[in-house]
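Construct the complete structure from the given sequences, taking the supplied hints into account.
4 protein chains.
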Amino acid sequence: MSRLRDIGIAIGTLPTGTHNAITDVPGVLVGYDTVVSDSPHVARTGVTIIMPRGHQSWHAPVFAGSHSFNGCGEVTGLAWLKESGLLYNPIAITGTPWVGAVWDAMSWFAVSQGFNDSFLLPVVAETYDGWLSDRVGELVGRQQVINALNHAHSGPIAEGNVGGGTGMICHEFKGGTGTSSRIVTAAGQSYTVGVLVQANYGARADLRIDGVPVGRAIPTSEIPSGWSEPNHTPGDGSIIVIIATDAPLTSSGCDRLAQRATVGLARTGGYGHNGSGDLFVAFSTGNELADNRHQLEQIRVLPPSAMDQLFHGVADAVEEAIANALCAAQTTVGFNGRTAYALPKERMQAIVRAAGFSQSPQATQPLPDTRQP
Amino acid sequence: MSRLRDIGIAIGTLPTGTHNAITDVPGVLVGYDTVVSDSPHVARTGVTIIMPRGHQSWHAPVFAGSHSFNGCGEVTGLAWLKESGLLYNPIAITGTPWVGAVWDAMSWFAVSQGFNDSFLLPVVAETYDGWLSDRVGELVGRQQVINALNHAHSGPIAEGNVGGGTGMICHEFKGGTGTSSRIVTAAGQSYTVGVLVQANYGARADLRIDGVPVGRAIPTSEIPSGWSEPNHTPGDGSIIVIIATDAPLTSSGCDRLAQRATVGLARTGGYGHNGSGDLFVAFSTGNELADNRHQLEQIRVLPPSAMDQLFHGVADAVEEAIANALCAAQTTVGFNGRTAYALPKERMQAIVRAAGFSQSPQATQPLPDTRQP
Amino acid sequence: MSRLRDIGIAIGTLPTGTHNAITDVPGVLVGYDTVVSDSPHVARTGVTIIMPRGHQSWHAPVFAGSHSFNGCGEVTGLAWLKESGLLYNPIAITGTPWVGAVWDAMSWFAVSQGFNDSFLLPVVAETYDGWLSDRVGELVGRQQVINALNHAHSGPIAEGNVGGGTGMICHEFKGGTGTSSRIVTAAGQSYTVGVLVQANYGARADLRIDGVPVGRAIPTSEIPSGWSEPNHTPGDGSIIVIIATDAPLTSSGCDRLAQRATVGLARTGGYGHNGSGDLFVAFSTGNELADNRHQLEQIRVLPPSAMDQLFHGVADAVEEAIANALCAAQTTVGFNGRTAYALPKERMQAIVRAAGFSQSPQATQPLPDTRQP
Amino acid sequence: MSRLRDIGIAIGTLPTGTHNAITDVPGVLVGYDTVVSDSPHVARTGVTIIMPRGHQSWHAPVFAGSHSFNGCGEVTGLAWLKESGLLYNPIAITGTPWVGAVWDAMSWFAVSQGFNDSFLLPVVAETYDGWLSDRVGELVGRQQVINALNHAHSGPIAEGNVGGGTGMICHEFKGGTGTSSRIVTAAGQSYTVGVLVQANYGARADLRIDGVPVGRAIPTSEIPSGWSEPNHTPGDGSIIVIIATDAPLTSSGCDRLAQRATVGLARTGGYGHNGSGDLFVAFSTGNELADNRHQLEQIRVLPPSAMDQLFHGVADAVEEAIANALCAAQTTVGFNGRTAYALPKERMQAIVRAAGFSQSPQATQPLPDTRQP
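Keeping their order, the protein sequence lines are chains V, P, H and C.
Take the first sequence: its letter number 213 is residue 236 in my numbering, and every next letter is one higher.
Take the second sequence: its letter number 205 is residue 228 in my numbering, and every next letter is one higher.
Take the third sequence: its letter number 110 is residue 133 in my numbering, and every next letter is one higher.
Take the fourth sequence: its letter number 170 is residue 193 in my numbering, and every next letter is one higher.
Hints in this document: simulated from the structure, not taken from any laboratory.
Even glycine gets a Cβ: it sits at the ideal position worked out from N, Cα and C.
Mixed in with the good hints there might be a few duds.
[To be verified] Below 30 Å or equal to it, Euclidean Cα-Cα: the simulated DSS-like pairs (lysine-lysine) are:
hint, chain 1, residue 1, chain 2, residue 2
1, P, Lys105, C, Lys105
2, V, Lys105, P, Lys105
3, V, Lys105, H, Lys105
4, C, Lys368, H, Lys105
[What the hints assert, rightly or not] Over the 12 Å line for every Cβ pair with chain H, so calculated as not near, a few chain V residues:
hint, residue
5, Pro38
6, Phe86
7, Ser107
8, His174
9, Ser244
10, Gly276
11, Gln282
12, Leu319
13, Ile322
14, Asn359
15, Gly379
16, Ser383
In structure tokens form, the structure reads like this:
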């Protein structure tokens, strides 16, 4: 009983993919390495890998876009992604202190495997886990990246305290990794939209689940706040959102999908606080492109007017993926004995049900494709 | 009983300004010219003027920024606003067919008044009212712009079927003009954030008021949809948001405020549909600058770390301004006999109250300034 | 003898198209209406129309992009162009005072012709001709736009004091409209890049032709400066650049082409002065798309790695198009008896030849396609 | 005789600062660590540090902006720089393989020194030196970063094969680090603009010095090309430009300065090739801001209309800094025995003089401040 739908709550009316996960997009693999230890350093950290096109992701670029809702964070490689409209590498997400080490590991791995025929500009994203995890030591590096790459798989994937999300805090509860997906119809065909979030943002008072203000119903006087250091504002922290789809889009369509992550985040209680790195990357696997390619490509692309259900899919899946991260995350004692408490799911369930309007997953039906002629 | 707070519903916990209007920001004036006639053309249209610094707005630029959530619309003048970081003119908002005529009128007025010492690049925004109002004829032009300029005033301002908002439709109910404001604390001082929306977007099924899914509780089988033409998707249309504050910001801070309009829009049910021009402009009156100025300026500016309450203020005020537009708008019969029905406020009130969590305006208290040290 | 190549000077080594004009890109039409009169108003103005896909341009969008080198100017319609990655309309370029009237005319024409099945967001660009042409009166409006639309044609096109360029000033000489084209090779195939400029920017001292500092060799003590009003800095003014290609690009590639206009402008002496609206629009006719389309499109697209010759083509053609505008423009007496003098071409020719390195057009050979494997 | 002015050639007419270096901007320090060895790895690499406000650069942010002319490269930290409009850290520039290691070193150094009171998002830029330097090994890391930080100084700074520029190639000659500065007048006061480039881009045939096509006069049949690998196009590679000024600007003004680096680059022969990371960062030291600051700031800012001489200063200094990098760089034999030859300065001098128009440094006079009233 660790996901939002397991407690009878669905976000929106679009159906989910088979596993309600980013891996429902064919070819997308996710791998984690979770680093938890108490000595020599208190580690509650790790790394997450998303491979857009399976193990071909080092050779076969995908169309991609990005959006910054608030830029107090890092996703390396965005200059080239924006210029080319393509993503040439797997994506890595980790804790802030390890961005350099993971960048080095991704570059080194590519060179060591001979994947050096295209530009090596690794895409490494982060959110800050320094409240629960020591930021000194060399807790994530080449071995952890290799582990995550080797672990990458399709099908169901873990959520909560895993991979890069291990030490994260969200709306002052224990946060972490979450995922969700939607099946949408565009131009008469069915496509999948999948998202993965590393959720580490938000104030307790702002948390809503499907519109219901759950956070203010569970005050910090009852369940203490994660992230209560003197110099940190509740609500600092960040969220990375990765969006995958098999709908055939170019970079322009991917940029638009990326910005729609804001919708799901806003409905959950995100305001894009000053100290938050709310950075979103979207890619489309809907066309197969050759690596380092110099030949004219024949591709398919959805017209702008066919995008609306994709926008709904992204927004709804992001909202549900954040909720899934909160549902799956477990109470964690970390650095300096600090404790981040899990969201009490039964309380949350009761609060949402009391509002009387949340739609249960069973009621879910696909929207008619009225948005297309 | 025409505003959201009049029926006992408040968005967020920040206090409003005196009039809960954009005009709570000192110096900001709003003027309307409302054009309603049945011959020779069916007119349900008009023009709205926002003057950032009273009648000095032709001489005294203000720091300004903008954001496009979805760009299927027009706000002229944004290239210069982005380049200079300044807004040099009043803002006009009208129906789509009249953008050219209003641009011409604003330029002509400035030249005729001798306000030609700085670059004349009018800022004219639009949303499309062609479902209720004939788009031929010359329904808005120089006289209507002069009327709106002459009508511009501070204090309480009208909402709903007024000015540029006269013929608009929002979430398939009658839409139009709405406004709201918040008092926020930043770096130990109190400031006002005010917004004005021209709301003409959204699908019925997506409408939420304070998180409660009001739209799907009032189906179009019960109250017919506005905007039900064969070639238009429910949810097409646009929203223009103008954000004013007396907090001293430069263009960078204004850009950030502008993007936060997305939060209030998303919580109300906006997805940034393909056919929607969701364009936001923010300005700060917190520094007095000279026109066409060539001298070093001494200004004050809030640091990035003091922005969080401003972000909350924008998001909450946008959400309430859209609700205010819906509350104030009146059922309208227009072009070709089409009818756009007003949101039934008592129904809406009952639906929101049934959820049991909405906070009444009386309970409103300012947030403690915990976000600053 | 009115073009740069006519006096023996060629920019770069890429070959030109048949007419060395934007109309060398198949389907591109250019039409002018030139408005010159001395009463009731002194008019030295006009309007230029560029139709990307002939008279189908109202029905058939093209992929498009844009860039702002300095944004003190106006190109309407860019929000939707950026969002959709498409250009849905012909482009109009005029003098600043007539932007509103031309916007109105383009919208009215489309509605009156029944071209209203897609979003009507006209693309109207401007540079300021108020030194030579009175800015009151209604000198450009519906009739002038119809004239220019009706006049649109392929093949050789006029330069200098024509259309929107009639009253322009460039590097303190008489400026105006100019055009040029290049044949490039990308991914093993041959394509055309064509540009049209409306050149109204720059200080005399900064003008270079093919790298030779022609401007400082012809001081204003010898040939007086155009644009010598007290309140205007030499070098104020603007340049609009329209770039067309039949190379199959999406919006991402078009954005990149648009930015390369900066290269040709910089080499000629443009710095992007504060008062200059240096705005560039690029489009690709390399794919045929349906209007208001809702179906999946099959398109071709060049990969990023095949773009280098296109970048050279744009840069070189922009440099030559500005020179062509200067060569073709004729000394003009206008508003208030002001005179803008033409660039003395023989002087210019002699100065360039004295440097000894300029390549004559006859020597022009295509670059080998070494940039592709 | 290692700089452009030493051989009698000056770019533009603005005077230089005392040292014609970025360090002419008060407070700016530059430090290098140059890594040259033949075993165990062939190293021709290093790291360059720019400290905007001396050793206070870890505590005292400066207003900053950026521009991407072509994004095939990396500058980390730009999301936060864009969001906040501020630069919070020193800038590091290195070879591509070491971005991760230098990011890690900058973060580690700040934490180890207790400089952790603000967000730690290091700014690390790169250009690719893998033709002359082995990209395996751990050639640049914490020790090299400490060395460069310790070495940082004001006054004259080295150019050519130093720091991050050690292994670079420019227009197929040996490239590297270059610097230049200009004294400009804005709003009646005198300011300094300084630039530092790490130049690693460009094709031989496109190189111009002060407009004279030097590159095509020295063909690769005479002096072989650097960067002649089968899979690399001449002209691939990148240029990083760092711009400093003591003129008081906010982020908006810094963004504008950053884009003007394109002008100097274009005049020298840069086209922004697809494989080039042409990324520019500008900062202003003209206001003193407190670190991690939450208080209202009193600042000074130049109005947009006072920017023109700053634009000239940036463009001219970038052009001269690239030339200085070429003049100072020395022929280098590196990885796999490859040789990159230095630009033959006497040849270059003779070619430029033959054109007959280059202005000698002695003739340099400041422009009159005609651009301000």
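Hints, verified against the model:
| no. | hint | in the structure |
| --- | --- | --- |
| 1 | P:Lys105 / C:Lys105 | 14 Å, holds |
| 2 | V:Lys105 / P:Lys105 | 20 Å, holds |
| 3 | V:Lys105 / H:Lys105 | 14 Å, holds |
| 4 | C:Lys368 / H:Lys105 | 46 Å, violated |
| 5 | Pro38 | 21 Å, holds |
| 6 | Phe86 | 9 Å, violated |
| 7 | Ser107 | 4 Å, violated |
| 8 | His174 | 32 Å, holds |
| 9 | Ser244 | 46 Å, holds |
| 10 | Gly276 | 8 Å, violated |
| 11 | Gln282 | 10 Å, violated |
| 12 | Leu319 | 5 Å, violated |
| 13 | Ile322 | 6 Å, violated |
| 14 | Asn359 | 47 Å, holds |
| 15 | Gly379 | 38 Å, holds |
| 16 | Ser383 | 33 Å, holds |
The structure fails hints 4, 6, 7, 10, 11, 12, 13 (numbered hints given earlier, in ascending order).
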